[in-house]
Amino acid sequence: MMEGFGSFLGEASSLSRHFDTLFLALFILCSLVTIIITFLIIFFAVKYRRGAKVNRFTVRKSTAIEFVWTLIPFGLFLAIFVWAAYFYTELLFPPDDEMVDLDIAVVGKQWMWKLQHPNGKREINKLHVPLGKNIRLTMVSQDVIHSFFIPAFRIKHDVLPGRYSTIWFRPIKLGEYHLFCAEYCGTDHSRMRGKVVVMEPSDYAQWLQQK
Amino acid sequence: MSANAAAEYTSYLGGGDTLKSWLTTLDHKRIAVLYLISITLFFLIGGVAAAVIRLELVTYAGDFVTAETYNKTFSLHGIVMVWFFLIPSIPATLGNFLIPLMVGARDLAFPRLNLASWYLYTVGGIFTIGMVIAGGVDTGWTFYTPFSTMFSNTYVVAAVIGVFIVGFSTIFTGINFIVTIHKMRAPGLTWFRLPMFVWANYATSAIMVLATPVLAMTLTLVAVERIFQIGIFDPALGGDPLLFQHLFWFYSHPAVYIMVLPAMGVASELIACFSRNPIFGYRFMAYSVMAIAVLGFLVWGHHMFVSGQSVYAGMMFSLFSFVVAIPSAIKVFNWTATLYKGSISFEAPMLYALGFVFLFMIGGLTGIVVAALALDVHLTDTYFVIAHFHYIMVGGSVMAYLGGIHFWWPKMTGKMYSEMWGRVAAVLIFVGFNVTFFPQFLLGYLGMPRRYHEYPEALEVLNVISSGGAVILTLGYLLPLVYLLWSLRYGRIAGGNPWEAKGLEWQTSSPPAKHNFKETPVVTEEAYAYSPYKV
Chain X
1 MMEGFGSFLG
11 EASSLSRHFD
21 TLFLALFILC
31 SLVTIIITFL
41 IIFFAVKYRR
51 GAKVNRFTVR
61 KSTAIEFVWT
71 LIPFGLFLAI
81 FVWAAYFYTE
91 LLFPPDDEMV
101 DLDIAVVGKQ
111 WMWKLQHPNG
121 KREINKLHVP
131 LGKNIRLTMV
141 SQDVIHSFFI
151 PAFRIKHDVL
161 PGRYSTIWFR
171 PIKLGEYHLF
181 CAEYCGTDHS
191 RMRGKVVVME
201 PSDYAQWLQQ
211 K
Chain H
1 MSANAAAEYT
11 SYLGGGDTLK
21 SWLTTLDHKR
31 IAVLYLISIT
41 LFFLIGGVAA
51 AVIRLELVTY
61 AGDFVTAETY
71 NKTFSLHGIV
81 MVWFFLIPSI
91 PATLGNFLIP
101 LMVGARDLAF
111 PRLNLASWYL
121 YTVGGIFTIG
131 MVIAGGVDTG
141 WTFYTPFSTM
151 FSNTYVVAAV
161 IGVFIVGFST
171 IFTGINFIVT
181 IHKMRAPGLT
191 WFRLPMFVWA
201 NYATSAIMVL
211 ATPVLAMTLT
221 LVAVERIFQI
231 GIFDPALGGD
241 PLLFQHLFWF
251 YSHPAVYIMV
261 LPAMGVASEL
271 IACFSRNPIF
281 GYRFMAYSVM
291 AIAVLGFLVW
301 GHHMFVSGQS
311 VYAGMMFSLF
321 SFVVAIPSAI
331 KVFNWTATLY
341 KGSISFEAPM
351 LYALGFVFLF
361 MIGGLTGIVV
371 AALALDVHLT
381 DTYFVIAHFH
391 YIMVGGSVMA
401 YLGGIHFWWP
411 KMTGKMYSEM
421 WGRVAAVLIF
431 VGFNVTFFPQ
441 FLLGYLGMPR
451 RYHEYPEALE
461 VLNVISSGGA
471 VILTLGYLLP
481 LVYLLWSLRY
491 GRIAGGNPWE
501 AKGLEWQTSS
511 PPAKHNFKET
521 PVVTEEAYAY
531 SPYKV
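Protein chains in written order, with the UniProt record's numbering: chain X, 1 to 211; chain H, 1 to 535.
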């Protein structure tokens, strides 16, 4: 059965749209540079092809122009750096304790994800979460390094042995989304996949009580 | 004429064509040819591994090879392409051949060290092939701990020994270039008259000498933990797995510049020659390669934005990565400006060079995308990164390497290759490359992780396009192998300077005499003293 790209990139967490806006801004900037340079290369290559009757006389001075064409784009890209760095803290620092609605424990091992909800309910390779809540994951590995990656939420963090890592997200769209292991972890690395199911909070509460 | 003087005038290829005379040669030009043959063999091995990877990924199910074989295949592809092809490619072949010629010297400073470097390369290579025959390694070329030290059941120690050994061949080459460029320049050849190719290899050599020992130590530590169970990287033994990543990338990020700086040097030579213009902003170009070499040591942590490294450390590494984009951008702008008011012709080497500038630019700009912290969180360890670094290393380095091989082929062999076929191959490679790797940006943006043997079905179409491109790319790579070899026998005689290029290497015969020059050349003009009016 064909699935669309929605389960990869649907803007399914509170951070997804912010990511997409930043990506778009940088994409436009990079495209501009690409288009200008490519145009100039082709334009010069055609205009100054050998045998063409054109004026080739020039006085070459480079210092001023080097500074101009270096510093102006650098300033623009630096703005992207600041923006991306600010957003990075938002991604990596979970909200304060009182803002966290749900704490989930994650254990990675070759080759599965084990997840445990606050009431002790456990699941493997599938994570049920309520819509619109701040969810914090505390993650650790039993063996090698794994990486917890939900493309639709634009979050990823390595899961290390001997050290707890935390990430957070707030799902804003119902549905099923891919969960991948993104750090190579041995033979069945590509099978260390799962699904994140975003449910209405009432459905989640009900699901949580099921045996 | 004495016997000694007569020897001066015979080509380096003539006189003594026994195997022994080649394997014991101290002539930098012959050693370059030895390297050329060896790295071509390894390119083919790495290429076959790439073909297996692309074949497996044609369907979303893991049905062509087993997961274990797939993992060993991409590990082999990475190890071979990085250490046995890309790192030695331009320096050990073109650099070895050209640097003494370009500075007007008879040979490199230490000819025996140069030969020893090739032997170390060969021993490391044999070790690696032996490791593959024994059963291979499945850690990826990055050998991440504690997987490599405590969990993998494959031949990790043999693999790291192979890389350890080949690392010393790199160090030897670096030392040789640095001393040669400092001490053996012809009279009048001041630092700021050196061709950009020499500058680029000088910067590269500095990285080789400073970074490669760190790799050697890191791999030794991997072997020590694996063999003796001494806790260095595995937390179960009291070690720190991130320590490995810091050490590994402290070498491996600068290693990226080992792979691409020489390519920049080649592109500068080609673009200047075929536009009949001096390189625009020569001094900025020279400072840029040196700046890249220095700054390249300060950015390794950008491989670790989601590893658990401190958020504030991440910010510094990101900032430095943006800064290193400045000298890289200077290179691209100046190559473009070199075309301005030139007299441009489009022989095969120029097609490769222009292709290089475009692909390097895409690789560089997408490098900024993954250097932007929050964007990297989503994109790291996906195919976006794969596409990005292939644009730099294959689109960039390999394009420039092939451009350089075509440009200096007449110098190395005395024969011209078929210009028509040269152009066809250049275009095929450019098209095939883009069709192969551009879809991988989209795959990565969608979130397809790298090193995946199977993947969700929705991603199949893009993977099929990518594999289709790989077929075109393969054809493009095989063509030069055929027509270049053909030219050895049937190509027309090149003459000393078929491109009417500047530079000392073009002032001697093709192929050059055993001792390069009849008498030491004296340099009286700047590099690239081309004039577009005189064409």
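Fair warning: there could be bad hints in the mix.
[Unchecked claim] Restraint ranges, calculated between C-beta atoms of paired labels, are given here: (1) Thr58/X <-> Leu44/H: 37 to 47 Å; (2) Gly188/H <-> Leu32/X: 20 to 30 Å; (3) Asp63/H <-> Gly4/X: 18 to 28 Å; (4) Phe57/X <-> Val48/H: 51 to 61 Å; (5) Ala25/X <-> Leu55/H: 36 to 46 Å; (6) Trp207/X <-> Phe228/H: 15 to 25 Å; (7) Ala25/X <-> Ser11/H: 20 to 30 Å; (8) Tyr312/H <-> Gln116/X: 30 to 40 Å; (9) Glu457/H <-> Trp207/X: 55 to 65 Å; (10) Leu237/H <-> Ala64/X: 27 to 37 Å; (11) Tyr312/H <-> Met99/X: 17 to 27 Å; (12) Phe27/X <-> Glu519/H: 38 to 48 Å.
Please keep in mind that the hints were generated in silico from the structure rather than gathered at the bench. From the three backbone atoms N, C-alpha and C, an ideal C-beta is built for every residue, glycine too.
Could you tell me whether the CB distance from Asp63/H to Gly4/X stays inside 18 to 28 Å? 24 Å, holds
Status of the given 38 to 48 Å range, CB of Glu519/H versus CB of Phe27/X: 57 Å, violated
Falls inside 20 to 30 Å, the C-beta gap from Ala25/X to Ser11/H? Hint violated: Cβ distance 58 Å, outside 20 to 30 Å.
Lying within 17 to 27 Å: is that true of the beta-carbon distance Tyr312/H to Met99/X? Given range 17 to 27 Å: holds, Cβ gap about 22 Å.
Assuming the hint says 37 to 47 Å, is it satisfied by the Cβ distance from Thr58/X to Leu44/H or not? 45 Å, holds
Are Glu457/H and Trp207/X spaced within 55 to 65 Å by their CB atoms? 27 Å, violated
Would you say the C-beta atoms of Tyr312/H and Gln116/X sit inside 30 to 40 Å of each other? Distance hint for Tyr312/H, Gln116/X holds at roughly 31 Å.
So does Gly188/H sit 20 to 30 Å from Leu32/X, Cβ to Cβ? 44 Å, violated
Does the Cβ-Cβ separation between Trp207/X and Phe228/H fall within 15 to 25 Å? 49 Å, violated
Verdict for Phe57/X, Val48/H (Cβ pair) under range 51 to 61 Å: 53 Å, holds
For the pair Leu237/H and Ala64/X, does the Cβ-Cβ distance stay inside 27 to 37 Å? 59 Å, violated
May I ask you to test the hint 36 to 46 Å on the CB atoms belonging to Ala25/X and Leu55/H? 38 Å, holds
In the structure shown, a violation is registered for the earlier hints numbered 2, 6, 7, 9, 10, 12, in ascending order.
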